[in-house]
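Participant: Following the hints, complete the assembly by docking chain B onto the known chain E.
So the protein lines, in turn, are chains E and B. My numbering applies: residue 1 is where the first sequence begins, and numbers increase by one. My numbering applies: residue 1 is where the second sequence begins, and numbers increase by one.
You can trust all of the hints, since none of them are fake.
Some, not all, of what chain B presents toward chain E, calculated at C-beta under 10 Å: (1) His43; (2) Val45; (3) Asp323; (4) Gln325; (5) Val327.
Derived by calculation from the structure, the hints in this document are not laboratory data. In this text the structure is predicted, and so the values were computed from the model without any measurement. For every residue, glycine included, the Cβ atom is placed at its ideal position computed from N, Cα and C.
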Amino acid sequence: MKDWHDIGGVEELDRDGSLIARIGGRDVGVVATPDGPRAVRNRCPHQGGPLCLGTVAERLVGTPGHYRLGGTTVLRCPWHGWEFSVESGHCLDDPAQRVATYRVRVHDERVLVEA
Amino acid sequence: MIDTDIHVLIDPEQLLGYVDPAQREWFRSRGLGLGLPDCPWAHPVSWFRDDAEHETDGAPTTSVGAIQRQVLDAYSVDIGILNAADGLAIPLVASSYRALALAQAHNDWLREHYLDQDPRLRAGLVCPAQDPQAAAKEIRRCANDRRFAHVLLVGGSERPYGEPRYLPIFEAAAECGLPVAIHSGGEGCGIAASPGGAGPPAFYIEWHTQAVAGSIMAHLVSLLCHGMFERLPNLRILFMEGGIAWLPGILWRLDTNWRALRAEVPWLERKPSEVARDHVWFSTQPLEHTNGNDALFFEMLEAIGAPDILCFATDYPHWDFDDPQHVLGRLPESWRSQVMHGNAATLYGDRLGLVTA
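In isolation and in its complexed conformation, chain E is listed as follows (with noise of 0.2 Å):
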């Protein structure tokens, strides 16, 4: 049965970029983007690299010899660099692969995720 879980504070969250916790016998954590904390497990389907210490960015698109932002932000494995949409958990060039999300809320200064 899923329940709220207290991760951190917003300002442990704003100040490191990341919060990781243990629940269920899994890591999960919580990155700061643009849109708002994202909570995903902190494994990276990949080589089970810790995916919530890696960098939340901006996807670069493009055409050849020209670079553009793309408006999605993912977060970046920081192992690998695969990278991953914050929103679905998919991996943006391997879409097979895929970390699970969580549902995240903040509440009185505190990151509650869903789990």
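Facilitator: Chain B only, in chain E's frame:
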């Protein structure tokens, strides 16, 4: 487990303490890079894992503590072999005099700051390949310290390593019982030849795909064709970080050519792939993704003797690091013990100081 490739970044202030005093100020005037050549191709984000150790200003760094925590202890590694990271470019420095000074300093610094700190550590010894006689002298200077497990050469070079000019390096290594590890990198940097034969690439992804594999292919073919293993029957080579998916193809291509062109290399009395089986090993990292074709991949590798010649490597702390559990999961079960430990134990012999039954 034996990890054949853990990288070490130079600490410039520490290293300067080991440099020839008459050259120290020149190196200090070069700044933190110590005059080592830059690489024109840069990873778009970082050469290093984000969760590896970094200085407070964001510059990546390595330390014994980080290697212990993130590799040796984390994965229960029995032996970890340290290879220079930025120091790989020492043979690509224009001045062979500066290169020798840096190589000597790097070996002495590594000994005190890493090898003395953890008995599980061994290291590749750096030498100025642009001056093969000086390189041979440095190999002989360091070889008595058995914690130096192999001679370290870099993929980028002026000519392929089978050329006679490089013979003093391989002779010294063979005489001292040291394998020679040829680690990809530096292609097109400093005094190294331009990579690929079609001109310098534009992107890091091009360089990382074809240049770093290409130099390893070039050195493999050159060493075989020049008869280096016929000259030095006890020479062992470990090719590192050039990939392995291309290996069956290049060996079969070389064997095909040998049948027709043997008159040009008459000292090659056996098929080149058979000579390679006796003298050449390959590190596993980065183990190529096969888009669901792992069964075919391992079948092709088995055809060229891979179960006996692959040696596991993490390549910590680089971005294309291979996690040991991930590699174990992909390897055929019958290969695992050999690849993760046995093949390196055979390659290095008693150099690693492992207790054998």
